[in-house]
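Engineer: These protein sequences, in sequence, are chains B and L.
As numbered in our numbering, residues 1 to 114 make up the first sequence, in order.
As numbered in our numbering, residues 115 to 225 make up the second sequence, in order.
Calculated directly from the structure, the hints in this document are not laboratory data.
We put the beta carbon where it would ideally sit given N, CA and C, even for glycine.
Take these hints with a grain of salt, some might be off.
Claimed, not checked - If you only want the chain B side, here are some residues facing chain L, beta carbon under 10 Å, derived:
#1 V4
#2 Q6
#3 S7
#4 L11
#5 T14
#6 G40
#7 Q41
#8 G42
#9 F45
#10 Q48
#11 G56
#12 H104
#13 F105
Unchecked claim - Below, simulated SDA-like cross-link-like pairs (lysine to any residue); rule was C-alpha separation at most 20 Å, straight line:
#14 K183/L to N167/L
#15 K13/B to F64/B
#16 K220/L to E145/L
#17 K217/L to N59/B
#18 K212/L to K13/B
#19 K220/L to N107/B
#20 K217/L to S139/L
#21 K220/L to P190/L
#22 K217/L to E53/B
#23 K117/L to E180/L
#24 K166/L to S101/B
#25 K220/L to N59/B
#26 K220/L to G40/B
#27 K13/B to H29/B
#28 K220/L to Y50/B
#29 K117/L to P190/L
#30 K212/L to A87/B
#31 K212/L to T14/B
#32 K217/L to N137/L
#33 K117/L to T222/L
#34 K220/L to K166/L
#35 K117/L to G40/B
#36 K212/L to G42/B
#37 K212/L to H104/B
#38 K117/L to V223/L
#39 K217/L to G40/B
#40 K117/L to E145/L
Now for the letters of each chain:
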Amino acid sequence: ETGVTQSPTHLIKTRGQQVTLRCSSQSGHNTVSWYQQALGQGPQFIFQYYREEENGRGNFPPRFSGLQFPNYSSELNVNALELDDSALYLCASSFRTGGWSPLHFGNGTRLTVT
Amino acid sequence: DAKTTQPPSMDCAEGRAANLPCNHSTISGNEYVYWYRQIHSQGPQYIIHGLKNNETNEMASLIITEDRKSSTLILPHATLRDTAVYYCIVLVQGGSEKLVFGKGTKLTVNP
């Protein structure tokens, strides 16, 4: 099975710019979540998408937005970048049924805002 | 905020068992204990989870105390590749699946 893949792996942007990060879910998964991980910290939940709708959001401002496509791939968009947005952005997919499946994470996109 | 407390770091000799503790004294009756780990430069990886019974899989064993206020993740024969940050998380299964990570325990396996 194909795992979660994220692109690009590294990115450098300037404060005030906009960025789009991409994620391909693991084959068969229908739910995608995004996390932000600052240096030395654990990942923080940004939001989750299920059936192309946002299904839960963490404590992040509206300039963080996302999309889930019919093939279950996803995008994370961040507008008006700030220096504190520099972090590792992780995408995780899972299969939502009546039961539970563990989150499978990609290796992330390292965003640097200068 | 994370609802778990873990030591910031631990060391273990290669080939020995690594026992990673986690306190979750405010855990609710319907919350499971999950363990993930994050090897340097990779995303977190699911290890194991449990509700109240001890669990074992090919990666590790999970021991949950009878009062469920603490648990221990056991790697029976640690290898150098087990060097990672280990996160203990409590979560209601079937909910939003929002994982709340703390800072975890940095386990270093020494040769």
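Engineer: Each hint should be assessed against the structure and marked as holding or not.
Structural biologist: Evaluation of the provided hints:
Restraint check, V4/B versus chain L: the minimum CB separation of about 7 Å is within 10 Å; hint holds. At its closest, the beta carbon of Q6/B sits 8 Å from a beta carbon of chain L; the interface hint therefore holds under the 10 Å criterion. A cut of 10 Å between beta carbons decides the hint on S7/B: the least distance to chain L is about 14 Å, and the hint is violated. With a cut of 10 Å, the hint placing L11/B at the interface with chain L is violated, because the nearest CB-to-CB distance is about 16 Å.
Among the interface hints, the one on T14/B is violated; its C-beta lies about 25 Å from the nearest C-beta in chain L, farther than the 10 Å criterion. At its closest, the beta carbon of G40/B sits 8 Å from a beta carbon of chain L; the interface hint therefore holds under the 10 Å criterion. For the restraint placing Q41/B at the interface with chain L, the shortest Cβ-Cβ distance is roughly 7 Å, inside the 10 Å limit, so the hint holds. Given hint, G42/B at the interface with chain L, holds; its Cβ is 3 Å from that chain's nearest Cβ, closer than 10 Å.
For F45/B, the interface hint holds, the least distance from its beta-carbon to any beta-carbon of chain L being 5 Å, beneath 10 Å. The beta carbon of Q48/B comes within 6 Å of a beta carbon in chain L, closer than 10 Å, and the hint placing it at the interface holds. At about 4 Å, the closest approach between the beta carbon of G56/B and any beta carbon in chain L falls short of 10 Å, and the interface hint on this residue holds. At its closest, the beta carbon of H104/B sits 7 Å from a beta carbon of chain L; the interface hint therefore holds under the 10 Å criterion.
At its closest, the beta carbon of F105/B sits 3 Å from a beta carbon of chain L; the interface hint therefore holds under the 10 Å criterion. A C-alpha spacing of about 13 Å is found between K183/L and N167/L, which places the hinted pair at or below 20 Å, so the restraint holds. Distance hint between K13/B and F64/B is fulfilled; the C-alpha atoms sit about 15 Å from each other, no more than 20 Å. Distance check on the hinted pair: K220/L and E145/L sit about 24 Å apart at the alpha-carbon level, beyond 20 Å; violated.
Restraint check for K217/L and N59/B: the C-alpha separation of about 18 Å stays at or below 20 Å, so the hint holds. Of the supplied pair hints, the one linking K212/L and K13/B is violated, its CA atoms being roughly 28 Å apart against a limit of 20 Å. Note on K220/L and N107/B: the hinted pairing holds, with a Cα-Cα distance of about 18 Å set against a maximum of 20 Å. Taken as a hint, the K217/L and S139/L pair is honoured in the structure, with Cα atoms around 17 Å apart against an allowance of 20 Å.
For the hint linking K220/L to P190/L, the alpha-carbon distance of about 17 Å falls within 20 Å, and the restraint holds. With a C-alpha separation of about 30 Å, the suggested pairing of K217/L with E53/B is violated against the 20 Å cut-off. A hinted pair counts as satisfied when its Cα atoms are at most 20 Å apart, and K117/L with E180/L qualifies at roughly 18 Å. The hinted pair formed by K166/L and S101/B meets the criterion: a straight-line CA distance of about 18 Å does not exceed 20 Å.
Annotation: proposed proximity of K220/L to N59/B is violated, straight-line Cα distance about 26 Å (limit 20 Å). Straight-line distance between C-alpha atoms of K220/L and G40/B comes to about 11 Å, which keeps the hinted pair within the 20 Å bound. About 31 Å separates the Cα atoms of K13/B and H29/B, which puts this hinted pair outside 20 Å; it is violated. Using a Cα cut-off of 20 Å, the hinted pair K220/L and Y50/B is violated, with the two alpha carbons roughly 33 Å apart.
This hinted pair does not check out: K117/L and P190/L have alpha carbons roughly 26 Å apart, beyond 20 Å. A hinted pair counts as satisfied when its Cα atoms are at most 20 Å apart, and K212/L with A87/B qualifies at roughly 19 Å. Restraint check for K212/L and T14/B: not satisfied, since their Cα atoms lie roughly 30 Å apart, outside the 20 Å limit. Between K217/L and N137/L the CA atoms are separated by roughly 13 Å; this keeps the pair inside 20 Å, and the hint holds.
Proximity of K117/L to T222/L is assessed by CA-CA distance (about 24 Å); at most 20 Å being required, the pair is judged violated. Taken as a hint, the K220/L and K166/L pair is broken in the structure, with Cα atoms around 25 Å apart against an allowance of 20 Å. A distance of roughly 18 Å separates the Cα atoms of K117/L and G40/B; the hinted pair therefore holds under the 20 Å criterion. A hinted pair counts as satisfied when its Cα atoms are at most 20 Å apart, and K212/L with G42/B qualifies at roughly 13 Å.
The straight-line distance between the Cα atoms of K212/L and H104/B is roughly 13 Å, inside the 20 Å bound, and the hint therefore holds. Between K117/L and V223/L the alpha-carbon distance is near 26 Å, which puts this suggested pair outside the 20 Å criterion. Our distance criterion of 20 Å between C-alpha atoms is met by K217/L and G40/B, whose separation comes to about 8 Å. Proximity of K117/L to E145/L is assessed by CA-CA distance (about 11 Å); at most 20 Å being required, the pair is judged to hold.
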